[in-house]
Amino acid sequence: MIKSIENPLFAQSVLQFVRNQIHTFVVGSKRKGLTSFLFHILDLLGNEGYVCRYIDLTHISTHRDFLYQLLSAFQNDEHLCLRQLNEEEVRTRIQDLLDELTNLGNKVVVALDEFQEITQLEDKGWLEATLRTHFQRIPNVSFLFTGSRKGLISEMLNDPERPFYRSCQIIEFPM
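Quick note on this note's numbering: the sequence shown kicks off at 1 and runs consecutively.
No wet-lab data here; the hints were simulated from the structure.
Glycine included, every Cβ here is placed at the ideal spot set by N, Cα and C.
Accuracy of the hints is not assured; some may be wrong.
[Said to hold, decoys possible] Ranges between beta-carbon positions, derived for each pair:
#1 D99 x E122: 42 to 50 Å
#2 P160 x N106: 28 to 36 Å
#3 Q12 x S154: 20 to 28 Å
[To be verified] Using 30 Å as the maximum straight-line C-alpha spacing, the simulated DSSO-like pairs for lysine-lysine come out as follows:
#4 K107 x K150
#5 K150 x K124
#6 K124 x K30
#7 K30 x K150
#8 K150 x K32
#9 K32 x K107
Given only the sequences and the hints, what does the whole structure look like? Please build it.
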(Lines of atoms letter the chains of each structure in order from A and count residues from 1; the text may use other names and numbers.)
(Lines give C-alpha, C1' and ligand atoms only; values in the text may rest on other atoms or scores of the structure.)
Protein backbone atom coordinates (compact mmCIF):
# COMPACT_ATOMS: atom_id res chain seq x y z
CA MET A 1 0.00 0.00 0.00
CA ILE A 2 1.35 3.45 -0.82
CA LYS A 3 2.31 5.70 2.06
CA SER A 4 -0.22 8.43 1.27
CA ILE A 5 -3.09 5.94 1.54
CA GLU A 6 -1.58 4.65 4.77
CA ASN A 7 -1.60 8.29 5.89
CA PRO A 8 -5.34 9.01 6.13
CA LEU A 9 -4.77 12.61 7.25
CA PHE A 10 -3.04 13.40 3.96
CA ALA A 11 -5.82 11.80 1.91
CA GLN A 12 -8.48 13.55 4.02
CA SER A 13 -6.78 16.92 3.43
CA VAL A 14 -6.85 16.43 -0.33
CA LEU A 15 -10.46 15.20 -0.21
CA GLN A 16 -11.52 18.20 1.88
CA PHE A 17 -10.01 20.66 -0.59
CA VAL A 18 -11.68 18.95 -3.53
CA ARG A 19 -15.06 18.72 -1.77
CA ASN A 20 -14.84 22.46 -1.05
CA GLN A 21 -14.01 23.13 -4.70
CA ILE A 22 -10.54 24.37 -3.92
CA HIS A 23 -8.35 23.58 -6.90
CA THR A 24 -5.47 21.52 -5.54
CA PHE A 25 -1.98 20.70 -6.77
CA VAL A 26 -0.28 17.64 -5.26
CA VAL A 27 3.47 17.71 -5.86
CA GLY A 28 5.66 14.66 -5.46
CA SER A 29 8.57 12.73 -6.87
CA LYS A 30 8.19 10.28 -9.74
CA ARG A 31 7.74 6.63 -8.89
CA LYS A 32 6.53 7.31 -5.35
CA GLY A 33 2.85 6.39 -5.85
CA LEU A 34 1.39 9.75 -6.78
CA THR A 35 -0.70 8.44 -9.69
CA SER A 36 -1.92 5.50 -7.59
CA PHE A 37 -2.88 7.96 -4.89
CA LEU A 38 -4.74 10.05 -7.46
CA PHE A 39 -6.77 7.00 -8.56
CA HIS A 40 -7.49 6.21 -4.91
CA ILE A 41 -8.85 9.73 -4.35
CA LEU A 42 -10.95 9.53 -7.53
CA ASP A 43 -12.37 6.17 -6.42
CA LEU A 44 -13.35 7.62 -3.05
CA LEU A 45 -14.97 10.65 -4.67
CA GLY A 46 -16.72 8.46 -7.24
CA ASN A 47 -18.25 6.50 -4.36
CA GLU A 48 -19.57 9.81 -3.01
CA GLY A 49 -21.37 10.55 -6.27
CA TYR A 50 -18.76 12.71 -7.96
CA VAL A 51 -18.24 12.46 -11.70
CA CYS A 52 -14.50 11.94 -12.01
CA ARG A 53 -12.34 12.38 -15.08
CA TYR A 54 -8.64 11.48 -15.26
CA ILE A 55 -6.35 13.06 -17.86
CA ASP A 56 -2.81 11.72 -18.25
CA LEU A 57 -0.49 14.44 -19.53
CA THR A 58 2.73 12.46 -19.15
CA HIS A 59 3.57 12.22 -22.84
CA ILE A 60 1.83 15.16 -24.46
CA SER A 61 3.85 17.23 -26.90
CA THR A 62 1.11 18.93 -28.93
CA HIS A 63 -2.36 20.37 -28.49
CA ARG A 64 -3.62 17.42 -30.50
CA ASP A 65 -2.11 15.08 -27.85
CA PHE A 66 -3.85 17.08 -25.13
CA LEU A 67 -7.14 16.95 -27.02
CA TYR A 68 -6.76 13.20 -27.47
CA GLN A 69 -6.29 12.76 -23.70
CA LEU A 70 -9.25 15.04 -23.02
CA LEU A 71 -11.46 13.07 -25.41
CA SER A 72 -10.33 9.82 -23.80
CA ALA A 73 -11.30 11.17 -20.39
CA PHE A 74 -14.73 12.01 -21.76
CA GLN A 75 -14.88 8.51 -23.29
CA ASN A 76 -15.58 10.15 -26.62
CA ASP A 77 -14.87 8.30 -29.87
CA GLU A 78 -14.34 11.59 -31.68
CA HIS A 79 -10.57 11.05 -31.48
CA LEU A 80 -10.88 8.91 -34.58
CA CYS A 81 -11.16 12.04 -36.73
CA LEU A 82 -8.51 14.17 -34.95
CA ARG A 83 -6.11 13.92 -37.88
CA GLN A 84 -8.51 15.97 -39.97
CA LEU A 85 -8.44 18.98 -37.63
CA ASN A 86 -6.05 21.86 -38.17
CA GLU A 87 -4.38 23.58 -35.19
CA GLU A 88 -7.07 26.24 -34.84
CA GLU A 89 -9.79 23.59 -34.88
CA VAL A 90 -7.90 21.56 -32.25
CA ARG A 91 -7.71 24.60 -29.96
CA THR A 92 -11.39 25.35 -30.49
CA ARG A 93 -12.33 21.74 -29.69
CA ILE A 94 -10.25 21.86 -26.48
CA GLN A 95 -12.17 24.95 -25.37
CA ASP A 96 -15.51 23.37 -26.33
CA LEU A 97 -14.75 20.24 -24.29
CA LEU A 98 -13.73 22.31 -21.29
CA ASP A 99 -17.04 24.18 -21.57
CA GLU A 100 -18.86 20.83 -21.63
CA LEU A 101 -17.59 20.06 -18.12
CA THR A 102 -20.54 22.06 -16.80
CA ASN A 103 -22.88 19.43 -18.26
CA LEU A 104 -21.43 16.54 -16.25
CA GLY A 105 -23.31 17.30 -13.03
CA ASN A 106 -23.06 19.31 -9.84
CA LYS A 107 -20.07 17.45 -8.39
CA VAL A 108 -17.28 16.99 -10.91
CA VAL A 109 -13.56 16.38 -10.39
CA VAL A 110 -11.05 16.63 -13.20
CA ALA A 111 -7.64 15.20 -12.38
CA LEU A 112 -4.72 16.24 -14.57
CA ASP A 113 -1.73 14.00 -13.91
CA GLU A 114 1.75 15.44 -14.58
CA PHE A 115 0.18 18.81 -15.29
CA GLN A 116 3.51 20.63 -15.66
CA GLU A 117 3.93 18.92 -19.04
CA ILE A 118 1.70 21.56 -20.64
CA THR A 119 4.54 24.02 -20.20
CA GLN A 120 6.55 22.04 -22.78
CA LEU A 121 4.13 23.02 -25.53
CA GLU A 122 5.39 25.82 -27.75
CA ASP A 123 2.21 27.89 -27.56
CA LYS A 124 3.33 30.95 -25.57
CA GLY A 125 1.23 29.79 -22.62
CA TRP A 126 -2.04 29.44 -24.56
CA LEU A 127 -3.10 26.11 -23.00
CA GLU A 128 -2.09 27.20 -19.52
CA ALA A 129 -4.14 30.42 -19.86
CA THR A 130 -7.08 28.59 -21.45
CA LEU A 131 -7.25 26.05 -18.64
CA ARG A 132 -7.05 28.79 -16.00
CA THR A 133 -9.83 30.77 -17.67
CA HIS A 134 -12.08 27.73 -17.82
CA PHE A 135 -11.52 26.59 -14.29
CA GLN A 136 -12.36 30.05 -13.03
CA ARG A 137 -15.66 30.00 -14.93
CA ILE A 138 -16.88 26.51 -14.08
CA PRO A 139 -18.54 26.51 -10.65
CA ASN A 140 -19.31 22.79 -10.35
CA VAL A 141 -15.86 21.42 -11.17
CA SER A 142 -12.89 20.88 -8.88
CA PHE A 143 -9.53 20.47 -10.53
CA LEU A 144 -6.94 18.20 -8.96
CA PHE A 145 -3.47 18.55 -10.46
CA THR A 146 -0.42 16.41 -9.87
CA GLY A 147 3.14 16.94 -10.88
CA SER A 148 6.63 15.69 -10.24
CA ARG A 149 8.79 18.63 -11.33
CA LYS A 150 8.65 20.74 -8.19
CA GLY A 151 10.70 23.66 -9.53
CA LEU A 152 8.60 24.04 -12.65
CA ILE A 153 5.36 23.71 -10.69
CA SER A 154 6.56 26.31 -8.21
CA GLU A 155 7.28 28.66 -11.11
CA MET A 156 3.82 28.04 -12.60
CA LEU A 157 2.05 28.79 -9.34
CA ASN A 158 4.25 31.54 -7.88
CA ASP A 159 5.18 33.69 -10.87
CA PRO A 160 2.74 36.64 -11.08
CA GLU A 161 3.19 36.66 -14.87
CA ARG A 162 1.83 33.11 -15.21
CA PRO A 163 -1.89 32.24 -15.53
CA PHE A 164 -1.86 29.80 -12.59
CA TYR A 165 -0.35 32.35 -10.18
CA ARG A 166 -1.73 31.62 -6.70
CA SER A 167 -4.64 29.69 -8.16
CA CYS A 168 -4.32 26.37 -6.35
CA GLN A 169 -3.74 24.92 -2.94
CA ILE A 170 -0.33 23.21 -3.05
CA ILE A 171 0.22 20.02 -1.07
CA GLU A 172 3.49 18.12 -0.84
CA PHE A 173 3.04 14.38 -1.41
CA PRO A 174 4.39 12.40 1.55
CA MET A 175 7.48 10.33 0.89
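Hint-by-hint comparison with the structure:
About 25 Å separates the C-beta atoms of D99 and E122, a value inconsistent with the hinted range of 42 to 50 Å. In this structure, P160 and N106 meet the distance hint of 28 to 36 Å, their C-beta atoms being roughly 33 Å apart. At about 25 Å, the beta-carbon gap between Q12 and S154 stays in the expected band of 20 to 28 Å. Proximity of K107 to K150 is assessed by CA-CA distance (about 29 Å); at most 30 Å being required, the pair is judged to hold.
In summary, the hint linking K150 to K124 is supported, as the alpha carbons are separated by about 21 Å, within the 30 Å threshold. With a C-alpha separation of about 26 Å, the suggested pair K124 and K30 falls inside the 30 Å cut-off, and the hint holds. Our distance criterion of 30 Å between C-alpha atoms is met by K30 and K150, whose separation comes to about 11 Å. Between K150 and K32, the direct Cα distance comes to roughly 14 Å. Compliance with the 30 Å bound is thereby established for this hinted pair.
Between the alpha carbons of K32 and K107 the distance comes to roughly 29 Å, so the proposed pair stays at or under 30 Å and holds.
When each numbered hint is compared with the structure, a violation occurs for hint 1 only.
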